[in-house]
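*Asks:* The listed protein sequences derive, respectively, from chains U and P. For the first sequence, UniProt numbering gives the first residue as 1, with consecutive numbering after it. For the second sequence, UniProt numbering gives the first residue as 1, with consecutive numbering after it.
The set of hints was computed from the structure by calculation and includes no laboratory data. Hints may be right or wrong, so weigh each one.
Which copy is meant is left open, so a pair is good if it fits within one copy or across any two.
Said to hold, decoys possible - Dumping the calculated DSS-like pairs for lysine-lysine here, alpha-carbon to alpha-carbon at most 27 Å:
hint	residue 1	residue 2
1	K155	K167
2	K20	K102
3	K119	K100
4	K279	K34
5	K280	K430
Protein chains: 2
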Amino acid sequence: MRIVKLTEDTKKDILTNLLKRSPDNYGSYEETVKNIVNDIHSRRDTALFEYTEKFDHAKINADNVRVTEAEIEEAYTQVDAKLLETIRKAIVNIRTYHEKQKQYSWFDSENNGTLLGQKVTPLAKVGVYVPGGKAAYPSSVLMNVIPAKVAGVGKIVMTTPCNAEGKVYPTTLVAAKEAGVDEVYKAGGAQAIAALAYGTESIPKVDKIVGPGNIFVALAKRCVFGHVSIDSVAGPSEIMVLADETANARYVAADLLSQAEHDEMASAILVTTSEELAKKVSEEVDGFVKELSRKDIIQKSLDNYGYILVADTMQDAIDTVNEIASEHLEVVTANPFDTMTRIQNAGAIFLGSYSSEPLGDYFAGPNHVLPTNGTAKFFSPLSVDDFIKKSSIIYYSREALEAVHEDIIDFAEAEYLTAHANSIKVRFEK
Amino acid sequence: MRIVKLTEDTKKDILTNLLKRSPDNYGSYEETVKNIVNDIHSRRDTALFEYTEKFDHAKINADNVRVTEAEIEEAYTQVDAKLLETIRKAIVNIRTYHEKQKQYSWFDSENNGTLLGQKVTPLAKVGVYVPGGKAAYPSSVLMNVIPAKVAGVGKIVMTTPCNAEGKVYPTTLVAAKEAGVDEVYKAGGAQAIAALAYGTESIPKVDKIVGPGNIFVALAKRCVFGHVSIDSVAGPSEIMVLADETANARYVAADLLSQAEHDEMASAILVTTSEELAKKVSEEVDGFVKELSRKDIIQKSLDNYGYILVADTMQDAIDTVNEIASEHLEVVTANPFDTMTRIQNAGAIFLGSYSSEPLGDYFAGPNHVLPTNGTAKFFSPLSVDDFIKKSSIIYYSREALEAVHEDIIDFAEAEYLTAHANSIKVRFEK
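Full structure from sequences and hints, please.
*Replies:* Given below as C-alpha cells:
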C-alpha cells in the first residue's frame with residue numbers, strides 16, 4: 001500500500017482525488033432518473049410494474065407486489081438459526097443505544113401567563129429502501145428501521161427489489177420482520193423511490209425515505225427531496241485511522257481492509273506520525289490482501305483511494321483528519337480519549353486498539369449509516385432525530401401580550417408590514 | 001373572503017391548489033441557476049462581480065466586496081434608535097428560547113470497559129443569506145444568526161445584495177452586528193449562494209447555508225445541497241387558524257391578513273366548526289383589507305390561496321389541519337392546549353386569543369423560519385439543531401470485544417464481508 005509524505009500539496013491532491021467519488025459527478029444519469037421519477041408520478045403502478053419487469057426481470061402486479069405473511073414465514077425457514085440469534089442480539093444493542101437519543105417535548109413558562117416550548121412528534125410514515133441481491137445487508141435493515149421504531153414512527157414501509165422469480169432475499173425479510181417493519185413491497189431502483197415519494201395505487205406515500213442504494217437510488221432520492229424528506233445521499237464507504245507509534249500494525253492493516261472491501265470507490269487512509277508504523281502497515285496490508293476473498297475489489301480500492309500518510313506532527317495529522325472528515329475514524333494513539341477531544345469532523349469515532357470498525361457496523365449499537373465524502377463536516381449519523389420533527393409552541397396571556405405589544409407594532413412597522421402590526425393593534429383597540 | 005364547506009372533495013382541491021406554490025414548479029429557471037452556480041464554481045470572484053454588475057447594477061470588486069467597520073458604523077447612524085432598542089429586546093428573547101434547544105454530548109459506559117456516546121460539535125462556518133432592498137427584514141437576520149451563535153458556530157458569514165451605489169440596507173447591517181455576524185459580503189442571488197458553497201478568492205466556503213430568498217436563491221440552495229448543507233427550501237408563507245365558536249372574529253380576520261400581506265403566493269386559511277364565525281370573519285376581512293397599505297397583494301393572495309372552511313366536526317377540522325401541515329397554526333378554541341395535543345403537523349402552534357402570529361415573527365423567541373408547503377410533516381423550525389452535528393463514539397476494551405467477537409464474525413461472514421470478519425479475528429489470533 002502506498003506511503004505518502006503528508007504536506008500541504010499532497011493533502012490537497014488527496015482531497016481532490018477523494019471528491020471524485022461524489023454523487024455530484026453522475027450528472028449523466030440525472031435525466032434518466034428524472035424521467036423514471038416523473039413517469040411513476042403520473043402513471044403510478046402501471047409504470048412501476050413496467051420498470052420492475054425491465055430492470056428486475058420480474059412479473060409483478062397489484063396482487064403480488066406486497067410481500068405476504070406466508071413469504072415471510074418461508075424466509076424464516078431459509079435463514080441460519082445462528083445468524084437469527086446474532087441479529088436478535090444486535091437488535092437489543094442497537095435499540096438500547098438509540099433509546100438514549102430520544103428527544104422530548106418541553107416547555108418553559110413564566111408567571112405572567114406565557115408559555116414557550118417545542119413539541120416533538122414522530123413522523124407518520126417512513127419508507128426504507130433496501131438494495132437487492134448480493135448487496136442486501138441485514139445489518140442495514142436494522143440500522144435504518146430501529147431508529148424509526150424508537151422514534152415512534154406510525155408506519156414503516158420497506159421496498160426492496162425481488163429476483164426474476166419474484167422472491168425477496170430471505171435474510172432481508174427476516175431482518176425486516178425482526179426490526180418491526182410494517183409492510184414490505186417488491187420494488188427497486190429509482191422507481192421504488194418515486195413510488196414512496198408520490199405513492200401509487202399499491203405503495204403508500206411516505207414522509208421520509210431512508211436507506212442505501214446504487215447511484216440511481218441516490219439520484220432519485222435527491223430528485224424527490226423537498227417533496228419528502230430523505231436521509232443524506234450516501235457516497236462510497238471510507239475509513240481513516242489516526243495512529244501513533246503505539247498502534248498495532250496488524251490490527252490497523254486489517255481495519256483499513258475492512259472498508260476497502262466494500263467497493264472499488266471505497267477509501268482507506270492511515271495517517272500516522274510514525275514512519276515505522278507506516279512501513280509495517282503497508283507490509284501487513286500486502287500480506288492480508290492475497291488471502292482475502294474480495295482481493296480484486298480491495299486492490300482496486302487501495303490503488304484508487306488508499307493512502308498511508310506520514311505526518312510530521314500529531315497536530316498536522318489531526319488537521320488532516322478534520323479536513324477529510326471521514327465516515328469512520330479509528331483513533332489508535334497512546335491516549336485516544338484525549339485525541340478524540342481534538343476531532344471536529346468524523347461520522348463515527350472508534351477509540352483504542354479493540355474498537356475496530358466492524359464492531360460498529362454490526363453490533364455495538366451506534367448507527368452505521370454515517371455521513372460520507374467529507375459531509376461529516378455538517379451531517380450526522382442516522383439517528384432517532386431523523387424520524388421526529390418539532391413544532392414551536394407559543395402561548396401568551398392578554399396581560400403578557402399587552403406588556404410587549406408596542407414593541408411588536410414598532411418592529412412590524414419598521415418592516416413595512418402593516419397587517420402584521422394591525423393583528424396586534426386590534427387586540428388593544430378601545 | 002370566500003367560505004367553502006369542508007368535504008373530502010373540497011379538501012382535495014385545496015390541497016392540490018396549495019401545492020401549486022411549490023418551488024418544484026419552477027423548473028424553467030433551473031438551467032439558468034445551474035449555469036450561474038457552475039460559473040461561480042469555475043471563475044469565482046470574476047464571475048461573482050460580473051453577476052453583481054448585471055443583476056444589482058453595482059460595481060463591486062475584491063477591495064469593496066466586504067462590508068467595512070466604517071460602513072457598519074454609518075449604518076448605526078441611519079437606524080431609528082427606538083427600532084434598535086426593540087431589536088435588542090428581541091435578541092434577548094430569541095437567545096433565551098434557543099439556549100433551551102442546546103444539545104449536549106453524552107456517553108454511557110459499562111463496567112467491562114465499554115463506552116458508547118455521541119459527541120456534539122458546532123459547525124465550523126455558516127453562511128447566512130439576507131435578501132436585499134424592500135425584502136430585507138431585520139427579524140430574519142436575527143432568526144437565522146442567533147441559533148448559529150447559540151450553537152457555537154466558529155464563523156458566521158453573511159451575504160446580501162447591495163444597491164447600485166454599493167450600499168447595503170442599513171437595518172440589515174445593524175441587525176447583523178447586533179446578532180453577532182463575523183463578516184458581511186455584498187453579494188446576492190444564486191451567485192451569492194454558489195460563492196458560499198464553493199468559496200471564491202473573497203468569500204469563504206461555508207459548511208451550511210441558511211436564509212430566505214427569491215426563487216433563484218431557493219433553486220441555487222437546492223443545487224448545492226450535498227456539497228454543503230442547507231436549511232429547507234422555503235416556500236411562500238402560510239397561516240391556518242383552527243377556531244371554534246369561542247373565537248373573536250375580528251382577531252382571527254386580522255391574523256389571517258398578517259400572512260396574506262407577505263406576497264401573492266401566501267396562503268391564509270381558517271377552518272372552523274362555526275358557520276357564524278365563518279361569516280363574521282369573512283366580513284371582518286373585507287373590512288380590514290380596504291384599510292391596509294398592502295391591500296393589492298392581500299387581495300390577490302386571498303383570491304388565490306385564501307379560504308374559510310366550515311367543518312362538520314372538530315375532528316374533521318383537526319384532520320384537515322394535519323393534512324395541510326401549515327407553517328403557522330393558530331388554535332383558538334375553548335381549550336387550546338387540549339386541541340394542541342391532537343395536532344401532528346404544523347411549524348409553529350400559537351395557542352389562544354392573545355398569541356397572534358406576529359408575536360412569533362418578531363418577539364416571543366421561537367424561530368420564525370418554519371417549514372412551509374406541507375413540509376411540516378417532516379421538517380422542523382430552524383433551530384440550534386441546524387448548526388450542530390454529531391459523531392458516534394465507540395470504545396470497547398479487549399475484554400469487552402472478546403466477549404462478543406464471535407457474533408460479529410458470524411454477522412460479517414453472513415454478509416460475505418470477509419475482510420470485516422478478519423479485522424475482528426486478527427485481534428484474537430493465537
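*Asks:* Determine for every hint whether it applies to the structure shown.
*Replies:* Results of checking the hints against the structure:
1. When the C-alpha separation of K155 and K167 is checked against a cutoff of 27 Å, the pair qualifies only within one copy, where the shortest distance is 23 Å, while the shortest distance between copies is 53 Å.
2. Taking the shortest Cα distances, K20 and K102 never come within 27 Å of each other, neither inside one copy (36 Å) nor across copies (36 Å).
3. Proximity of K119 and K100 under a CA criterion of 27 Å is satisfied in both settings, with 18 Å inside one chain copy and 13 Å between copies.
4. Taking the shortest alpha-carbon separations for K279 and K34, neither the intra-copy value of 48 Å nor the inter-copy value of 46 Å comes in at or below 27 Å.
5. In this assembly of identical chains, the alpha carbons of K280 and K430 lie at most 27 Å apart only when taken from different copies (20 Å versus 85 Å within one copy).
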